[in-house]
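J.: One letter stands for each residue in the lines below.
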Amino acid sequence: MTPPLLEVRNLKKQFVAGRSLFGRATATVNAVDDVSLTVAQGETLALVGESGCGKSTVGRLVLRLIEPTAGSVTFAGRDLATMPRRELQAFRASAQLIFQDPYASLNPRMTIGETLSEPLMLHTALGTAERRDRLGELLDMVGLKPIHARRYPHEFSGGQRQRVAIARALAASPKLIVCDEPVSALDVSIRAQILNLLRDLQAKLGLALIFISHDLSVVKHVADRTAVMYLGRIVETAPTAQIFAEPRHPYTQALLSAIPIATPAARRDRRVLPGDPPSPIDPPAGCHLHTRCPHVAAICRTDVPPLATDADSHATACHRWRDIGADGFRIAVEQPFSPTLRRLVDAFRPTT
Amino acid sequence: MTALETPHSEIDDTSDTPTRRAWRRLRRRKSAMLGLVIVAALVAVALLAPWIAPFDPAKQSYTMVRKAPSALNWFGTDESGRDLFSRVVFGARASLLAGLVSIAIALGLGMPIGLLSAYRGGWTDTIVSRITDAMLAVPFLILAIALAAFLGPSLSNAMIAIGVTSMPIFIRLTRGQVMAVKVEDYVEAARAVGNPAYRIAFRHILPNIMPALLVQATLSIAMAIIAEASLSFLGLGQQPPAPSWGSMLNSAQRFLTQAPWMAIYPGLAIFLTVLSFNLLGDGLRDALDPKER
Ligand SMILES: Nc1ncnc2c1ncn2[C@@H]1O[C@H](COP(=O)(O)OP(=O)(O)OP(=O)(O)O)[C@@H](O)[C@H]1O
Ligand SMILES: [Mg+2]
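Quick note, the sequences are listed as chains C and R, same order.
Numbering-wise (this note's numbering), the first sequence opens with residue 1 and increments by one.
Numbering-wise (this note's numbering), the second sequence opens with residue 1 and increments by one.
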């Protein structure tokens, strides 16, 4: 068996959230707390969770844009932390990033052509003419025209800018792209276009994707596997279909039941967790979810549940998932739709 | 690709650069354009002074002492019988030169220090920030006067004094702007793409903080011109017989009742210059505001 393209082991990242008068750290945020995951060549892993649970931080750690507090990231068998400068530069060509907000991710003072040429200049030996050809090719790949190279970001719509950002990520022919909520800032009407574009490009180029989203419904159509995060930890990982069919963790169940933006009647049937997520500065002991979980038992308050993988490669970090079951849940999600609503929801769902 | 939105300017293929856009917005602001026109006129006056001034600004005449404005001496004459109009015209040189040179010094020192401070962080940043705070805590003019007195009276020393005193504003502004721009997604993207640090600083950060620095520089020029006039008024700037608006005010104060024109015209010149730089600076601030699309 070949090693996975990306392997993340026990990754931790603490941010300093407060300092004393003398610059000593007084409060730390455990943004990422003991996260392990793997991504195979050509695979899409979705990373899902509420705002602030540490998804983007995982993405930035994976690309070594920030240094981990502990743990390791291995890319194509090489440990990023000990990589010499030369190799790190080559890694920058193989792993790229697409941001959520296309209005913020393009330098407003560089033309699209200049932005796209940068990775070519840094990572390829192409001459000026070849570079121009490649530029046209890239623009074409994402559905833009060569003439657009001369324009500035402010001359484009959000969807077009995101296409440019995708082209930039593709420019140096990467193997892995971290997509950090690539469609959540876009108009609903454009989301499907961008998602389809990403999927087509992935199939064509054999890319591995880490697809970050706070919205499970988006993930359903793009990801092979899904990892659900809560307060810096992964609470459940499984093939995406499995997550949707048989969510085991109470948090995943709650996320899933929040998908239909439905009528008041539907809302009553949802498994809504009471309260807000606790502060990551001082997270609860044991299972992070125990303050909000309807199934809480004594052990949950003291022991961190291990992320135990079963035979179907479905991993759940919950002491009680066997007792909870997913059957009752499935009924709860299916019921809320009236026939009219069903049609409406289907109409807005991106077609696959 | 079917349902792809086309950009609004598909037909003309000249692209709308950020600079061109800012200029278009600036042109719409009447007060800014007024400021720009006056500034341009003042620069022209300073450059063409020998051709504009009807008399030698240093030529004394004991038969023409303290004459009121007339057809011959438009702004009147001073206590040594020198033509005030010619002196105001030549005085524009000292004022504008002091404004431009001292702010060039302030920017030239302040920008790299601010950049370094924001980039390095840690001790460098702490020390730079404390010194900047300390300098900003002392009133601007007091510090400039102290420094100019220490360096000795001359126009170039006055410019150095004003430049160094204005520097902390630019350190602080650059530092703040770099801190803000450094965490922008496009800078992180530039890092992810593999840009070396110097390219990120010069290609991605600097061009995006230039507008703020330009606005501050324009407003600071107005301040520097007042400072130069003040230093010259105190005898620390332009040395006689070379004319400067500040030193003209100084000699005028002894004759305020007998020869008010000696104070009015240099005073008006300072007022107009400072006002026009301020108008231009405010207009630039609005025109370059990135939030306005
Ligand atoms: N540079 C930083 N300094 C301090 N704290 C940070 C920093 N970056 C992130 N955090 C904190 O770490 C936690 C995780 O942040 P992160 O951006 O990874 O969340 P996220 O899951 O991506 O959220 P969102 O959906 O809002 O993007 C948050 O509590 C955040 O406040
Ligand atoms: Mg995020």
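Keep in mind the hints are simulated off the structure, nothing from the lab.
Among the hints, erroneous ones may be present.
In silico DSS-like cross-links for lysine-lysine, where the CA-CA straight-line distance does not exceed 30 angstroms [said to hold, decoys possible]:
no.: 1; chain 1: C; residue 1: K175; chain 2: R; residue 2: K182
no.: 2; chain 1: R; residue 1: K182; chain 2: C; residue 2: K12
no.: 3; chain 1: C; residue 1: K175; chain 2: C; residue 2: K204
no.: 4; chain 1: C; residue 1: K12; chain 2: C; residue 2: K204
Looking from chain C toward chain R, a few residues come up when the C-beta cut is under 10 angstroms (computed) [said to hold, decoys possible]:
no.: 5; residue: L63
no.: 6; residue: F91
no.: 7; residue: S105
no.: 8; residue: M110
no.: 9; residue: R322
This one's a predicted model, so the numbers in the text were calculated from it and none came from an experiment.
Even for Gly, the Cβ is constructed at its ideal location relative to N, Cα and C.
J.: Each hint needs a verdict: does it hold in this structure or not?
T.: Evaluation of the provided hints:
Among the hinted pairs, C/K175 with R/K182 is consistent with the structure: their alpha-carbon atoms are about 27 angstroms apart, no more than 30 angstroms. At most 30 angstroms may separate the alpha-carbon atoms for a hinted pair to count; R/K182 and C/K12 meet this at roughly 24 angstroms. With a CA separation close to 12 angstroms, the supplied pair C/K175 and C/K204 stays within the 30 angstroms bound. Straight-line distance between C-alpha atoms of C/K12 and C/K204 comes to about 34 angstroms, which puts the hinted pair past the 30 angstroms bound.
Taken as an interface hint, C/L63 checks out: its beta carbon lies about 6 angstroms from the nearest beta carbon of chain R, inside 10 angstroms. Here the hint on C/F91 is kept, as its CB sits about 8 angstroms from the closest CB of chain R, short of 10 angstroms. For the restraint placing C/S105 at the interface with chain R, the shortest Cβ-Cβ distance is roughly 4 angstroms, inside the 10 angstroms limit, so the hint holds. Because the beta carbon of C/M110 sits about 8 angstroms from the nearest beta carbon in chain R, less than 10 angstroms, this interface hint is met.
Interface restraint check for C/R322: the shortest CB-CB distance to chain R comes to about 42 angstroms, outside 10 angstroms, so the restraint is violated.
Of the numbered hints stated above, those contradicted by the structure are hints 4 and 9, listed in ascending order.
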